[in-house]
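Protein chains in written order, with this note's numbering: chain A, 1 to 414; chain B, 1 to 292; chain C, 1 to 263.
Treat the hints with care, as some may be off.
Stated by the list, open to error - With a Cα cut of at most 30 Å, we get these calculated DSSO-like pairs of lysine-lysine:
#  : chain 1 : residue 1 : chain 2 : residue 2
1  : A       : LYS406    : B       : LYS113
2  : C       : LYS7      : B       : LYS188
3  : C       : LYS7      : A       : LYS323
4  : C       : LYS43     : B       : LYS113
5  : C       : LYS43     : B       : LYS188
6  : B       : LYS210    : C       : LYS3
7  : B       : LYS33     : C       : LYS4
8  : B       : LYS210    : C       : LYS38
9  : C       : LYS33     : C       : LYS43
10 : C       : LYS33     : B       : LYS188
11 : B       : LYS210    : C       : LYS257
12 : B       : LYS113    : C       : LYS257
Hints were generated in silico from the structure; no laboratory data involved. Everything numeric in this text was worked out from a predicted model, so none of it was measured.
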Amino acid sequence: MKKLTVLLTCVIIVLSSLTFTACSGSGYEGEVNVYNWGEYISPGDDETLDVIAEFERRYNIKVNYTNFETNEELYNVLVNSNSSYDVIIPSDYMVARLRSEGMLEKIDLGNIPNYKNIDEKFRISDFDPTGEYSVAYSWGIVALVYNTTMIPEGEITGFKDMWNPKYRNDVLMFNNSRDAMAIAMQVCDPPIDPGSESFTGEDIDRATKKLIELKNCGSLKKYVMDQVFTEMEGSQSALAAYYGGDIYTMLDNNEELSYSLPEEGSNLFIDSMCIPTCCQNKENAELFINFMCDPEIAAANADYICYGTPNKAALELMDDDYKESPLCNPPQEYIDKCYTFANIDDQIYSEMQEKFVKACSSTAEVSSIEIKTTSVESKIAVAVILAIVVIATVIVIILDIRRAVKNRGRINKI
Amino acid sequence: MRTNRTSTESFASRFSLEIRKRRTESRSAIKSKRPSIPYLGWMLVFTIVPLVMVVYYAFTDTNGRFTLDNFLNASDYSEVFLYSLYVALISTLICLVLAYPLSFFISRCTARKQSIIIMFLMVPMWMNFLLRIYAWVLILQNYGPFDMILNLIGVDVSLIGNTGAVVVGMIYEFLPFMILPIHSVMSKIDDSLIEAAQDLGCSGFYVFRKVILPLSVPGIISGVTMVFVPTASTFLVAQYLGGTQFMIGDVIERVFQSDHNTGSAIALVLMVVILGFLVFMNRFGDKEAIAQ
Amino acid sequence: MKKKSQKIYLAIIMAFLYAPIIYLIAYSFNDGKTSVWKGFTMKWYTALFQDAQIMGSLYNTLLVAILASVIATVLGTAAAIGIYNFKGGVRSAIQNVSNIPIINPEIVTGVSLMLLFTFAGTMLGFEMGFWTVLLAHIGFCTPYVILNVTPRIRQMDASLYEAALDLGCSPMQAFFKVVLHELLPGILSGFLISFTYSLDDFVITYFTRGSRFQTLPIQIYTMTHQRINPKANALSALMFLVILVILIISNVVSAKKDKEAVR
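If we strip away everything but chain A, and leave its shape as in the complex, we get:
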């Protein structure tokens, strides 16, 4: 009886939620699958414009909007799962990589009249020399944000400050291999240029060592991506390196925060809208891209995400705070110090990712001669545990078989 009640309740829940979703999901003439970074489109709460809802309203096309956290995740999904996306928004080096591997479709710019609003300097670039495979979405720089109640104003001048043991357990680092390695490379002595076309194994080793040092000196609290918002806005941590536009948002939400443009310069990135070859709704994809280039939409979007906008018509609509902030609109002298990521060789790239994961999981001291991400003792310990387990299991199984044979003999006698 009681189980029947539970069953009944469940059926009721199902029916009611089915009606809910039936009401909300009816009557679209098509759909478009968009794959974008998290917190990267104006969502419509707190009086901002709900860009997706606006698109759906204007064109009666359903937007299936999902997020990824890193370029590597995007690549992994496109390659390994058979997902079909219509619009993806990778960063510069990932656009170059996808293009060189033939995974991007040419965009018919004739279908994108709003393309005229995109600033010339963003139309052609190293990663898209013909400009036919991508339409710029946003751009920005990496900077440092810190909490002035924990670190005096003005004390932070560059990435090297992240390695200061004074900030015990208070520093946040990027949770993806390229951004983290790039910062480590800049801080290395002598510094390695993170924007170069290729890295040697030694370069990566040195950068990994630097990252491990960040952990060992006690300052590193956590590796974060989107969680950085909670950490900094909630005054949980003192110092973080993150993307300029997001820092601008954080400053808005927490008065205690301040920022610093690192003296070493940092990564200048451009995120662009692309159409992958696996797309199934190319027309709707181009419609979406065109929509995002509309000056008012681009301005509303930039207003929320606070990243630089490559749309010059939208830039005019922005308020002065935005136009004057070096986080949203960096000055030329800083840009000159910056570098962009190049599309590096596959093998080096995976070595970088692998070393990054190892750097993240290590705790051991770093020897000055070679990189040891783990002590020999712990390897031996694990091997011993494994051996004990396997031997014990084998013994148990053998004993069981012997017992079964003995029992069978006994039953047969009866």
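Using the hints provided, position chains B and C relative to the given structure of chain A.
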């Protein structure tokens, strides 16, 4: 007369023949192994084949050639592995210590009270796993309630981002899993046994050692198994509550994003250790059952 | 008789278990996003219901849970009956293999299924999503059904079935009226357990969902992983309410049944 008898007899014999035939037919229907065929096929495809694939990926490189390199790579994560086992062990022990007396107290209540208490214990279990961890993030965060209280006393310690927070999170998640099996075994321990022991002159501690403890062993084993396995292999608790030290579940997920082979190697090692542990526990439990 | 110390101990443990949930619920009414109390509001609840993504995830979760538990129950009951008829050694071997999804760490199961689906996906050209999640859920629910039904089979008196046949039932009738009725408690508890596990499953769903299919636990992961979102608090409050109501109803009903039985 004779003809009637023969016709009745033959009718009766024909009828019983019918029944016997039916019986053998239908006995074979309920006794047949055929109903299990769909599931056996399913098991093959969705349980055995994936595990074989894990083994395959663990022992080959990206080109399909046999290699032991993946294990070499995986051994770099030995520290993480030991740390996970360490956290799992502590969490399991604390859960056991907390749950054991509680189960006993509950089992001595009236049946009605027991079912109410058990029901209230199960409600948090049904809540979503991540939401419960998230709750602890909110509680333990800097400038959260606990931190404020400690600051008032003058203690300035970070409550989150360390092993302690992870252990608290694990205990919170899995305590009901330890309480339920121990309780179900304890509730079967007859009060009269305890009374008899007391009548024979045993002190409270002796009663515990000689009567309650041995009888509750199956429950303890069940509970330990149900807590140790998830805590050792759990996936997100360290990311939410921990600091820079990852646990093996997080490492597997992360490595899998770029390298299926090394990831499979680590997963294989984890599986072997856990399964070995379970076989051992099982055997240990069986021995107790046999001894009784 | 319960001593006072026992009661206090129970109260402490209960407080420990419930405090975080109460905290979550309390802050779902907070008019702000941090732990500073800014005023009472219901706006997160309205935002929750207007969030189409969350509603979509809820629908997906319930759909998968119901389908998976129904299919798992049917598959598992048939399997339990069939497996029971194997001889001793083979039977325990099959039972051990069938228990693998239960005892294996979830992450290993999830990862192994992901390998399978990725491989099959490239071979056969399909994308991970609803169907792979459903198959994965059936895969880990069925062993629980088998585990619940098998003891009932063992307890069942085989002669009941034969008696029904003797009384004139066809095999089908005998099966449904006698055998199934005997096994019903095991079948129902297996169904319930499957439903619960499928509803709340995160790890296996995470690895088999591809990149698009969202269930509620996955949605919660996204919500709690990014900025603090009081919608998650509102969601917890609602879930807590539903669970509490269901459990109280079932407890009251079973208490009534017990009373009637005594009478």
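field: Given hint C/LYS3 paired with B/LYS210 - CA-CA distance at most 30 Å
entry: holds, 22 Å
Under the criterion that the straight-line Cα-Cα distance not exceed 30 Å, is the pair C/LYS33, B/LYS188 satisfied? violated, 49 Å
Straight-line Cα separation of B/LYS210 and C/LYS38 no greater than 30 Å?
violated, 57 Å
For the pair supplied as a hint, A/LYS406 and B/LYS113, confirm whether the alpha-carbon distance does not exceed 30 Å. violated, 47 Å
- Are the Cα positions of B/LYS210 and C/LYS257 separated by 30 Å at most? Violated, at about 38 Å.
Checklist line | B/LYS33 paired with C/LYS4 [C-alpha distance capped at 30 Å] | finding: Roughly 56 Å separates the two Cα atoms, so the pair is violated.
Restraint status (C-alpha distance of C/LYS33 to C/LYS43 at most 30 Å): Distance of about 12 Å is within 30 Å: holds.
**Prompt:** Straight-line Cα separation of C/LYS7 and A/LYS323 no greater than 30 Å?
**Reply:** violated, 64 Å
**Prompt:** Is the straight-line distance between the alpha-carbon of C/LYS43 and that of B/LYS113 30 Å or less?
**Reply:** Given pair C/LYS43, B/LYS113 is violated - Cα atoms ~39 Å apart, limit 30 Å.
Restraint status (C-alpha distance of C/LYS43 to B/LYS188 at most 30 Å):
Violated, at about 49 Å.
Query raised in the report: Under the criterion that the straight-line Cα-Cα distance not exceed 30 Å, is the pair C/LYS7, B/LYS188 satisfied?
Result: holds, 21 Å
Taken at face value, is the distance from the CA of C/LYS257 to the CA of B/LYS113 at most 30 Å?
holds, 16 Å
Against the hints set out earlier in the document, violations occur for numbers 1, 3, 4, 5, 7, 8, 10 and 11.
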